[in-house]
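> Below are the chains, spelled out letter by letter.
2 protein chains.
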Amino acid sequence: MSRFLSDRFSDIEPYTPGEQPKNTNLVKLNTNESPFPPSERVIRALNAAEISRLNLYSDPETKEVIAAIAEVLNVKPDQIMMGNGSDEILAFAFQAFCDKEHPPCFADITYGFYPVFCRLFGLNPEIIPLKDDLTIDPADYCDKNKPIFIANPNAPTGLTLSICEIKNILDTNRDTIVLIDEAYVDFGGQSAIPLINEYDNLIVCRTFSKSRNLAGARLGFAVSNSSVIEDLNKMKFSFNPYNINRLSIIAGKESILDTEYFEECIIKIKENREYTVNELTKRGFSIPESKANFIFAKPCGITGTEFYKKLREKNILVRHFDTERIKDYVRITIGSYEQMQTLINATDEILGR
Amino acid sequence: MSRFLSDRFSDIEPYTPGEQPKNTNLVKLNTNESPFPPSERVIRALNAAEISRLNLYSDPETKEVIAAIAEVLNVKPDQIMMGNGSDEILAFAFQAFCDKEHPPCFADITYGFYPVFCRLFGLNPEIIPLKDDLTIDPADYCDKNKPIFIANPNAPTGLTLSICEIKNILDTNRDTIVLIDEAYVDFGGQSAIPLINEYDNLIVCRTFSKSRNLAGARLGFAVSNSSVIEDLNKMKFSFNPYNINRLSIIAGKESILDTEYFEECIIKIKENREYTVNELTKRGFSIPESKANFIFAKPCGITGTEFYKKLREKNILVRHFDTERIKDYVRITIGSYEQMQTLINATDEILGR
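Residue numbers (our numbering), protein chains in the order written: chain L, 1 to 353; chain C, 1 to 353.
The reader is advised that the hints may include incorrect statements.
Note that identical chains are pooled: a pair holds if it fits in a single copy or bridges any two copies.
No farther apart than 20 Å at their CA atoms in a straight line, the calculated lysine to aspartate or glutamate pairs in the EDC-like style are these [unchecked claim]:
| id | residue 1 | residue 2 |
| --- | --- | --- |
| 1 | 144 | 19 |
| 2 | 270 | 258 |
| 3 | 100 | 7 |
| 4 | 22 | 260 |
| 5 | 282 | 175 |
| 6 | 100 | 11 |
| 7 | 298 | 322 |
| 8 | 282 | 200 |
| 9 | 63 | 19 |
| 10 | 22 | 61 |
The set of hints was computed from the structure by calculation and includes no laboratory data.
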């Protein structure tokens, strides 16, 4: 820390991203990326002609990718706002809709970035514990009258709330924002996007990093009513108007329009998830029912920390959180079938089977 | 505005970026981009193999591009931090180093984003008027004991301070940050980077958008001592750790290593600037001495607004600011020789020569 940093940041604790090693011999199952390359349409569209236009600024309104998303998700363009990854959208939402009088609330076990945003923006959140089985009790979020942030499916558990449960939360919090973070929804959850015309307090946050195979392009978006989108854009245009680069705008457009490849990838991930859950369950692991592209697995006969370390020694990277309630678990990204086979074989070696 | 936006943003006024039209028939001299494509090295490096890896996250520490910058600028890697454009770096600096007790100060006529950051972060800046000839009086910035933000060359004037003048400002403000925004320095200014080991209060901010022909890639960086860089990274890792996409990291690296092409482009811009200044001066324009890739020109016999509009009718886009002190001027980006010829010919038609 330098002697110039504002006192209000003296005890700031930034987010710790999952390891992004250069070593490509690793089986990388730690940051919930897709194991599949982007759509062929993306690879074709990012050609030398487009790259040679990188001397020109990108469109700060990102109209092209917004039009494509609007078409595919059946919403209006003014109901969408693009972020440099969904983390940026989440940051803008915490900044715009929370303050001392409106502190946010969210689960104790959820996306680890929410408390980081609170520290950054000086917010004192209400933390709501998950139930013992790691599920969210929707009743805990009714009549809060505070901005609510829920990841659905939740991370790192993969567990979901139904649309009925989300509706109930929206109904009983009419005067505050309810943000549903749907980073993983395409892998089996129910999206709240169809509710945006009914509830002016709903924001749905999405990403291209998981189901759209574009983590490296940094693209996320918010879907909400046009007034809330206007507010989020006020944050963006006060912070970094050209937040999306030229190539990612094109990549996003081509990727979302290739619905066939998207569905193909989703089917494979679901199959590989089923395979992995079955194999690990046979070996005594406990795994909550995941609707995401990862599973949260509690090994049998070995601690979470040990299992994580032993996989690491075998060049398999998964994610382990040193938080008391979940330290017995590891979060395993669902990769290709071959990657999951490697994981299962390594597990057998570790467990001495 | 929605009914959910925090009261503190009720009168927020976002930045208005220059127009980025889709129409490619326009002669675009309004946002200080390079008229030249990125280095051939960039075009070669962003190949199909790299694009097909966009399913993987980028390196949040952006080591590859930092190593290249460190090599070329002769600083240490831990003295550099990358932003999603230099706007993001500036935002982090305003956020990290200013607060109610440490309000920033900057010129009345300078980069228009500084007051926007102040509104976003609730800061009450001290605004220091330029002299009548639009120069900065360095004496105005001595012994301020407030964070200081100076664009050098200044925008939109193109006028510079010397390194001696910057040193004097640094010497008399030892206990607060002095940020020198060098977006345009490569076109003829003197960089303050060699001073970073001498002054722990200095931050130099740079961009790839102008002299590196990569506006559309969104890349900027800060150079400072490692403690200040650590503070800026705390902001980044609390806001958006994966702020740079995979392809821009590669583009930045290849671009900065191609020093030959860089110098070639700079020479052409300087020549075209000289040509444009000479031609416009012959036609009675007043133009402060620009060391940037733009000139700030006050036409003769026609108002700035009128000149801007008439150029627009002829499909030439320049930038006009409706601010009282500078409304008689237009800011003209220095483009290719052909573009500048078109501008001069159009000027002749407008002036009826």
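> Up to 20 Å between alpha-carbons, please classify residue 22 paired with residue 260: within, between, both or neither.
neither (31 Å within a copy, 29 Å between copies)
> Go through the copies and call it for residue 100 and residue 11: within, between, both or neither, with a Cα cutoff of 20 Å.
both (18 Å within a copy, 18 Å between copies)
> From the Cα coordinates, with 20 Å as the cut-off, is the pair residue 22 and residue 61 best called within, between, both, or neither?
between (34 Å within a copy, 12 Å between copies)
> Is it within, between, both or neither when you check residue 100 against residue 7 at 20 Å Cα-Cα?
both (18 Å within a copy, 11 Å between copies)
> Could you place residue 298 and residue 322 in one of the four classes (within, between, both, neither) given a Cα distance threshold of 20 Å?
within (14 Å within a copy, 63 Å between copies)
> Pop the pair residue 270 and residue 258 into one bin, within, between, both or neither, using alpha-carbon distances up to 20 Å.
Classified as within: same-chain Cα gap 19 Å, cross-chain 45 Å, threshold 20 Å.
> Is it within, between, both, or neither for residue 282 and residue 200, if the alpha carbons may be no more than 20 Å apart?
neither (46 Å within a copy, 59 Å between copies)
> Should residue 63 paired with residue 19 be assigned to within, between, both, or neither, using CA atoms and 20 Å as the limit?
Classified as between: cross-chain Cα gap 13 Å, same-chain 33 Å, threshold 20 Å.
> Indicate which option fits the pair residue 282, residue 175 if close means a Cα-Cα distance not exceeding 20 Å: within, between, both or neither.
Neither: 47 Å inside a chain and 63 Å across chains, both beyond 20 Å.
> When Cα atoms must be at most 20 Å apart, do residue 144 and residue 19 count as within-copy, between-copy, both, or neither?
Neither, since 36 Å and 43 Å both go past 20 Å.
Checked against the numbered hints given earlier, this structure breaks hints 1, 4, 5 and 8; the rest are met.
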